[in-house]
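One-letter residues, chain by chain:
Number of protein chains: 2
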Amino acid sequence: MHTSLELAAFCKKKGFMYPSSEIYGGLSGFYDYGHLGTKLKHNFEHLWRSFFLGLNDNFHEIETANIAHENVFKASGHLQNFTDPVASCKKCGFHVRADHFLAEHLKRRVEGKTTDEYQELITQNKLGCPQCKSVLTVSVLNMMFPVKLGVGKVQTGYLRPETAQSPYVNFKLQYELLRKKLPLGLALIGRAYRNEISPRNFTLRQREFVQAELQIFFDPQHPPSESDFALVKDQKLKTTLILDREQNKVVERTAQQLVDSGLPEFYVYHLIKIQEFYFQHLKISPEKFRFYQLSDQEKAFYNKYHFDLEIDLAEHGWTEVGGLHYRTDHDLSGHQKISQQSMEVLEEATGRKFIPHVLELSFGVDRHIYALLDLSYEMSKEREYVVLHLPAKVTPYFCAVFPLVKNKPEIVALGEQVYQDLKQHFSCLYDETAAVGRRYARADEQGIKYCITVDFDSLQDHAVTIRDRDSTQQERVKISQLKEKLALLFS
Amino acid sequence: MHTSLELAAFCKKKGFMYPSSEIYGGLSGFYDYGHLGTKLKHNFEHLWRSFFLGLNDNFHEIETANIAHENVFKASGHLQNFTDPVASCKKCGFHVRADHFLAEHLKRRVEGKTTDEYQELITQNKLGCPQCKSVLTVSVLNMMFPVKLGVGKVQTGYLRPETAQSPYVNFKLQYELLRKKLPLGLALIGRAYRNEISPRNFTLRQREFVQAELQIFFDPQHPPSESDFALVKDQKLKTTLILDREQNKVVERTAQQLVDSGLPEFYVYHLIKIQEFYFQHLKISPEKFRFYQLSDQEKAFYNKYHFDLEIDLAEHGWTEVGGLHYRTDHDLSGHQKISQQSMEVLEEATGRKFIPHVLELSFGVDRHIYALLDLSYEMSKEREYVVLHLPAKVTPYFCAVFPLVKNKPEIVALGEQVYQDLKQHFSCLYDETAAVGRRYARADEQGIKYCITVDFDSLQDHAVTIRDRDSTQQERVKISQLKEKLALLFS
Numbered sequence: 005m006h007t008s009l010e011l012a013a014f015c016k017k018k019g020f021m022y023p024s025s026e027i028y029g030g031l032s033g034f035y036d037y038g039h040l041g042t043k044l045k046h047n048f049e050h051l052w053r054s055f056f057l058g059l060n061d062n063f064h065e066i067e068t069a070n071i072a073h074e075n076v077f078k079a080s081g082h083l084q085n086f087t088d089p090v091a092s093c094k095k096c097g098f099h100v101r102a103d104h105f106l107a108e109h110l111k112r113r114v115e116g117k118t119t120d121e122y123q124e125l126i127t128q129n130k131l132g133c134p135q136c137k138s139v140l141t142v143s144v145l146n147m148m149f150p151v152k153l154g155v156g157k158v159q160t161g162y163l164r165p166e167t168a169q170s171p172y173v174n175f176k177l178q179y180e181l182l183r184k185k186l187p188l189g190l191a192l193i194g195r196a197y198r199n200e201i202s203p204r205n206f207t208l209r210q211r212e213f214v215q216a217e218l219q220i221f222f223d224p225q226h227p228p229s230e231s232d233f234a235l236v237k238d239q240k241l242k243t244t245l246i247l248d249r250e251q252n253k254v255v256e257r258t259a260q261q262l263v264d265s266g267l268p269e270f271y272v273y274h275l276i277k278i279q280e281f282y283f284q285h286l287k288i289s290p291e292k293f294r295f296y297q298l299s300d301q302e303k304a305f306y307n308k309y310h311f312d313l314e315i316d317l318a319e320h321g322w323t324e325v326g327g328l329h330y331r332t333d334h335d336l337s338g339h340q341k342i343s344q345q346s347m348e349v350l351e352e353a354t355g356r357k358f359i360p361h362v363l364e365l366s367f368g369v370d371r372h373i374y375a376l377l378d379l380s381y382e383m384s385k386e387r388e389y390v391v392l393h394l395p396a397k398v399t400p401y402f403c404a405v406f407p408l409v410k411n412k413p414e415i416v417a418l419g420e421q422v423y424q425d426l427k428q429h430f431s432c433l434y435d436e437t438a439a440v441g442r443r444y445a446r447a448d449e450q451g452i453k454y455c456i457t458v459d460f461d462s463l464q465d466h467a468v469t470i471r472d473r474d475s476t477q478q479e480r481v482k483i484s485q486l487k488e489k490l491a492l493l494f495s
Numbered sequence: 005m006h007t008s009l010e011l012a013a014f015c016k017k018k019g020f021m022y023p024s025s026e027i028y029g030g031l032s033g034f035y036d037y038g039h040l041g042t043k044l045k046h047n048f049e050h051l052w053r054s055f056f057l058g059l060n061d062n063f064h065e066i067e068t069a070n071i072a073h074e075n076v077f078k079a080s081g082h083l084q085n086f087t088d089p090v091a092s093c094k095k096c097g098f099h100v101r102a103d104h105f106l107a108e109h110l111k112r113r114v115e116g117k118t119t120d121e122y123q124e125l126i127t128q129n130k131l132g133c134p135q136c137k138s139v140l141t142v143s144v145l146n147m148m149f150p151v152k153l154g155v156g157k158v159q160t161g162y163l164r165p166e167t168a169q170s171p172y173v174n175f176k177l178q179y180e181l182l183r184k185k186l187p188l189g190l191a192l193i194g195r196a197y198r199n200e201i202s203p204r205n206f207t208l209r210q211r212e213f214v215q216a217e218l219q220i221f222f223d224p225q226h227p228p229s230e231s232d233f234a235l236v237k238d239q240k241l242k243t244t245l246i247l248d249r250e251q252n253k254v255v256e257r258t259a260q261q262l263v264d265s266g267l268p269e270f271y272v273y274h275l276i277k278i279q280e281f282y283f284q285h286l287k288i289s290p291e292k293f294r295f296y297q298l299s300d301q302e303k304a305f306y307n308k309y310h311f312d313l314e315i316d317l318a319e320h321g322w323t324e325v326g327g328l329h330y331r332t333d334h335d336l337s338g339h340q341k342i343s344q345q346s347m348e349v350l351e352e353a354t355g356r357k358f359i360p361h362v363l364e365l366s367f368g369v370d371r372h373i374y375a376l377l378d379l380s381y382e383m384s385k386e387r388e389y390v391v392l393h394l395p396a397k398v399t400p401y402f403c404a405v406f407p408l409v410k411n412k413p414e415i416v417a418l419g420e421q422v423y424q425d426l427k428q429h430f431s432c433l434y435d436e437t438a439a440v441g442r443r444y445a446r447a448d449e450q451g452i453k454y455c456i457t458v459d460f461d462s463l464q465d466h467a468v469t470i471r472d473r474d475s476t477q478q479e480r481v482k483i484s485q486l487k488e489k490l491a492l493l494f495s
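So the sequence lines, in the order shown, correspond to chains A and B.
The numbering used here puts the first residue of the first sequence at 5, with every later residue one more than the last.
The numbering used here puts the first residue of the second sequence at 5, with every later residue one more than the last.
So that you can see chain A by itself, here it is in the shape it has in the complex (with noise of 0.2 Å):
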């Protein structure tokens, strides 16, 4: 198994991903996409999208400014609750989470406690500055960067910590543009910020990052989906509930046995959803997925049901990529009180007002992005290189055209047409240099499905040899068969 700093080399070495602002000594917590990466992510994004904006018709996609009205983090509660306990030394300057160095000393999980029990773990286990042995002061930090916007009399904004807020502020809004309809789903991709005391872990833990997120907005005596429950009732997921925490179990449940144990209908159809685009469309293997139940304690108090997503990394074992929340009404209702506007909608029918309640689907594209790369990185023995297992879909070039020498005109004439054809339809790229091994060597690398050799047979024969990644088999195919062939390995 390799290493996250093997990893994280290798991302820098083809260019996915790599520190930003590199040539200045990088900046702790930002990392910037090369041109592969940025493929990758893209690719990503619009798998993400075309599957859960596809749920529904009336899912939307808005896009909206990163830096909002302080109001929008005092309704949300962020200005107030959205902090970290650090651990100071007031005499070296030292500062680290105190969570996350509690944890490392006492080799457990510590989260959720007040300022006054960190402070109390620390003093208790004799705890001093790693650098100076002084005494560490537990403190809050909230982790918001504020922005003066203006000149003089200056406003202060924030740069959003979580993209969540623009749907719920966006609301009502287009809940009347969309011809009040529920449910109403409003989908964004975009950047979060976040001053993290310690970012670690590459790409795992940035201070800026994207989330993909849908927030569905419904009518709690409707739920979505309620009807098509009975369809995938006895579909299996795989779960580790609080009850398997002791063991850390991953056990398969059917969706009805979810709701037997007491989860709405509406929620476990929508875990059956999330797992479906991880297996069918990301194609994740199952041993390396897993819903993870959070207890009272750890989720937040508005979350009335609250999974993790997770993957199991190389190193890093089960780690987070989203969620699943039912955040009831808890949004919409803290936007009311502090802005002053109803975010209350009609019944028709009946004539009943109410606030409308969210569930909200939440992924750290970044984290995606990262665990692709990880599952499918395999330093192969027999090759002596390192193959890049990468889904068709999502994968950078799906596919690779090579004149087998380039000192043969009609070859690299003949290569260069059905490159030109392909490009048309599937990301490709052409490659004329070096011998054909290294070449396919360089491909597996970046995680190319297919490479497409045109050789000397191939002026007579009019036929090219397609190499599979995985299983590095060749087959011989026409060119004039060569798009609908791989159109149908386009999966």
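One or more of the hints may lead you astray.
Here are the simulated DSSO-like cross-link-like pairs (lysine-lysine), alpha carbons at most 30 Å apart as the crow flies [said to hold, decoys possible]:
no. : chain 1 : residue 1 : chain 2 : residue 2
1   : A       : K157      : B       : K95
2   : B       : K489      : B       : K412
3   : B       : K292      : B       : K253
4   : A       : K157      : B       : K412
5   : B       : K489      : A       : K184
6   : A       : K94       : B       : K130
7   : B       : K137      : A       : K152
8   : B       : K489      : A       : K489
9   : A       : K185      : B       : K412
10  : A       : K16       : B       : K487
11  : A       : K427      : B       : K410
12  : A       : K487      : A       : K287
13  : A       : K487      : B       : K137
14  : A       : K184      : B       : K237
15  : B       : K287      : B       : K237
16  : B       : K17       : B       : K185
17  : A       : K16       : B       : K341
18  : A       : K137      : B       : K157
19  : B       : K94       : A       : K357
20  : A       : K78       : B       : K157
21  : A       : K397      : B       : K185
22  : A       : K489      : B       : K397
23  : A       : K308      : A       : K341
24  : A       : K157      : B       : K185
25  : B       : K184      : A       : K17
26  : A       : K16       : B       : K427
27  : A       : K185      : B       : K410
28  : B       : K152      : A       : K157
29  : B       : K94       : A       : K157
30  : A       : K17       : B       : K185
31  : B       : K237      : A       : K427
32  : A       : K277      : A       : K397
33  : A       : K397      : B       : K397
34  : B       : K95       : A       : K152
35  : B       : K308      : A       : K482
36  : A       : K152      : B       : K185
37  : A       : K303      : A       : K78
38  : B       : K185      : A       : K412
39  : A       : K117      : B       : K157
40  : B       : K95       : B       : K111
What the hints contain is simulated information worked out from the structure, not anything from laboratory work.
Given chain A, work out where chain B should sit, using these hints.
Relative to the frame of chain A, chain B by itself:
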């Protein structure tokens, strides 16, 4: 002709763009894109990508952090020079951009002057504070937003004021990853942030906005596309050169004529390609577009050649939406100096070392979205509502399917079937509520190019009616041929 206020009201009413954080009274200079605006924006970005990245196989897209290291902006000069002149009243706190304030009062352009010169103009013309008549003092304001990172000894980063610096900072690494070939193009679609003193004109001058830029790095001895100039030399360009200024004329000149006037071939070649993008892909009518040459006083000192791309907007007139900038080695030299990392590359054949030059193709995405809406907007007297003549490839929905009536289940079922098939291939909307005339009107307002109606006859003749948004003409098409017919119309 419509006013820009009418356009802004329409954009909000239909869900294109509207003020951000609006339930909290909005935030000056920040806008959100609603469900239709987001689709329009993404379609524009997709078109931009395919066209400009398609110019050369060695042009690649990257995606980078929005917050960057302080030294990035020390090297670029933004820390020192990215300032606006501001006229302030010490008594009442009033602030305004000095150049805009003077231009308004003197009825002429007043740009590129020093603080002292602005002060003198204000004094000479006896201009006082518009609020309290007191003295106005001119100073400079840096337009970047600083962000404090970390805790304790904080580090200052900056929200980037332009996307351009990211490709420059990434150049050397990407050049090496991409096997040291020039020209190398690094494209980036992303956000930029400027603390505008007076944000105004809806989405034309925001504090947070999106740019689409292509930075082409090249060997000045072998400029990009040098061999392609011969192919385009007789093509005509819409230009306003410095010599046309006095009469504010737009003159058609051939590429060769521009070269004869002193511009390099590679530069003019890219003017041609840019114009092709506007005319053939964005379908901008030729009389609404021009290249506007900047004088030495107007352009930045490091730009050897600088033409603005301008679109003629209702009410605003000719408006800058982008630019083509030959920046020489200014940027890479600056980063080499401050980072102490060599930006030189080696020409293997000769051993010659040099710092590549940069040709920048820069586009303001929000301004293009505004321009597309502005040019497409028609308050139709005949139809008595707004028709949005957006081109097929950028309009949010290309087509819509309407069952003529919703109380005839066979018609609804057939409509649903046609819709499910079409939405696999085109952006397509389904609408079964209200009379068909009302649905046509709603579709026209959203810019839907073709409305497809399933009626009683459809059950017999297996055909539907296609209605063209612009001509309102209708055509009967077999359902079996519908997809091919629409594919032909999608251009």
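Quiz prompt | Violations among the numbered hints, reported as their numbers in ascending order | solution = 4, 5, 6, 10, 11, 13, 14, 16, 19, 24, 26, 35, 36
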